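Q: The primary structure of each chain is shown beneath.
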Amino acid sequence: MSTDLDSLYQEIILDHYKNPHHKGLRDPFESEVHHVNPTCGDEVTLRVHLADGPDGSVVGDVSYDAVGCSISQASASVLTDLVIGKPVDEAMSIHATFLELMQGKGQVEPDEDVLEDGIAFAGVAKFPARVKCALLSWMAWKDATTQAQTEGETR
Amino acid sequence: MDGLLPDLDVIRKDFPILERTLAGGVPLVYLDSANTSQKPQVVIDTMVDHLERHNANIARAMHQLGAESTEAYESARDKVASFLNAPSRNEVVFTKNATEALNLLARTIELGPGDNVVITEMEHHSNIVSWQLACERSGAELRWFGLTDDGRLDLTEADRLVDENTKVVAFTWVSNMLGTINPVEDLVARARAVGAYSVIDASQAAPQLPVDVQAVGCDFLVFTGHKVCGPTGIGVLWGRQELLDELPPFHGGGEMIETVTMARSTYARAPHRFEAGTPPIVEAVGLGAAVDYLSHIGLEAIHRHEQAITAYALEGLQSVPGLTVLGPLDATQRGGAVSFELDGVHPHDIAQVLDSRGVAVRAGHHCAKPAHARFGVQSSTRMSSYLYTTPAEVDALVEALHHTRSYFKVA
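Residue numbers (my numbering), protein chains in the order written: chain A, 151 to 305; chain B, 135 to 545.
Same shape as in the complex, but just chain A:
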């Protein structure tokens, strides 16, 4: 059982939990969302800033304030590492890859080239009750990014 527990709580996850990257709410931003996990009460407030890149929108910044378990906190930290600075299309594709990993019931082999530290969450997929912890900030980011894009179009 401790092997399973260690596969859930990889060192990478515990490191991100203790020293989260890009944490805190920052300006500028085009959209801000607040997502909660109603069963456990975990919460995240997340802002997205989109910048103009040579080939369309780029994720300029993702900032957040969150309360929750180690999985949800580490997941937010890894998310920001992966998407900040990337073209929005590529970031959305990373999102889809992470979602596939988390919904794969532990059967999906993670791609380290795409997910980097995110591969540490492969073990979480084997704990159905914790999948939504890992996805909280990712869902918030997608929501905020979609809103920021809509905002950009209507301006």
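Just so you know, the hints here were simulated from the structure itself, not pulled from any lab data.
A portion of the hints provided could be inaccurate.
[Claimed, not checked] Okay, the calculated beta carbon distance ranges per label pair:
| hint | chain 1 | residue 1 | chain 2 | residue 2 | range |
| --- | --- | --- | --- | --- | --- |
| 1 | B | G280 | A | D261 | 48 to 56 Å |
| 2 | B | E270 | A | D205 | 50 to 58 Å |
| 3 | A | D165 | B | L463 | 35 to 43 Å |
| 4 | B | P344 | A | K255 | 23 to 31 Å |
[Unchecked claim] A short list of chain B residues far from chain A (calculated; beta carbon distances all over 12 Å):
| hint | residue |
| --- | --- |
| 5 | A195 |
| 6 | H197 |
| 7 | S216 |
| 8 | P317 |
| 9 | P344 |
| 10 | G351 |
| 11 | L377 |
| 12 | L463 |
| 13 | H506 |
| 14 | Q512 |
| 15 | S513 |
| 16 | T524 |
[To be verified] Below, a sample of chain A positions facing chain B; criterion: calculated Cβ distance under 7 Å:
| hint | residue |
| --- | --- |
| 17 | L155 |
| 18 | N187 |
| 19 | C190 |
| 20 | C219 |
| 21 | I269 |
| 22 | A272 |
Being a predicted model, the structure only gives us computed values, none of them experimental.
Glycine is no exception: its CB is placed at the ideal position from the N, C-alpha and C atoms.
Mind docking chain B on chain A? Use the hints.
A: What follows is chain B alone, placed relative to chain A:
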């Protein structure tokens, strides 16, 4: 240890699930009984026997099985009436759970603008949201008792909160999060003094305290079956006969009527008025067996056992560095649910590590978000004992918490 049930080994053998092991071969240490209790063999057997030998719909089947099933269902009502020391069996209404019983009251008690309903900050969401909805519908005002820093009801504002416009005072007997045992007689007296209905949520009290509705003097009391060693899907609303007969129906349907024409219907008296449709028959039968089982052991003895285990748990938990217990620290003032925080480790992560060692607890807001907010915490970890809990299981919890601290390197 003083106060433990004398035949604890024998009692544990009544609960087959306590024998099982979990992944990795570790034995189960079940400390989540405030969430749901485990079921003794007699409850399981009674339900299986009913399904195997006596299954039929009740009160409408004109055959021998129908008579047997009706007899079993109605005799469960007698057992619950006796469990509560109710003056009449007709005062016992079977519902789906305590939540449905509270919603029944919040839906049928007439409220209007200018009226108010008084609840408390330590309620389970079921005793908050149902009254919020009732007040939104009717224009009545929702008020609540706050909490003191040590997790008790703050009664200093009681005379201002409960006034001549109060129609309902609804409160929990034992908090599911803080464990606090509330002064129910005092609250009932305050409601009575202004002519308001008193509504007691006994979901956490019925499993572990003698509940005597005549001694308490309340108007309504609810509890749920699955926390008193019975099955899920069955709860109880007890109410004074004259009050139940005054309330309008909740659900319309079969078995709650006197007569029906296409233009209008007249309604049966309580309890059938509130039991529309085919009820959870085998669940009621199982609940009857469960309350008989508890009464046979004795609620006074169960209460002493819970207090002894809770005192031992409070002592053990406070030996864990960085651990803070929420709620009263005096075991005689509280029930057998102890919520706590551990510095540096989130409740979900605590529960996950404990689970890997077979220790089952609850983590989260325990459907009491306002009570958590009052103490400035988002969520907590809760251990809850019952009549089958041993001191050795508390030791296993405490040991696992020490392990949790070292696992997350906060030690």
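Q: For each hint, tell me whether it holds in the structure or not.
A: Consistency of the hints with the structure:
no., hint, result
1, B:G280 - A:D261: 48 to 56 Å, "holds (53 Å)"
2, B:E270 - A:D205: 50 to 58 Å, "holds (51 Å)"
3, A:D165 - B:L463: 35 to 43 Å, "holds (36 Å)"
4, B:P344 - A:K255: 23 to 31 Å, "violated (48 Å)"
5, A195, "holds (41 Å)"
6, H197, "holds (45 Å)"
7, S216, "holds (37 Å)"
8, P317, "holds (29 Å)"
9, P344, "holds (34 Å)"
10, G351, "holds (37 Å)"
11, L377, "holds (35 Å)"
12, L463, "holds (25 Å)"
13, H506, "violated (8 Å)"
14, Q512, "violated (5 Å)"
15, S513, "violated (5 Å)"
16, T524, "holds (22 Å)"
17, L155, "holds (4 Å)"
18, N187, "violated (9 Å)"
19, C190, "holds (5 Å)"
20, C219, "holds (4 Å)"
21, I269, "violated (20 Å)"
22, A272, "violated (16 Å)"
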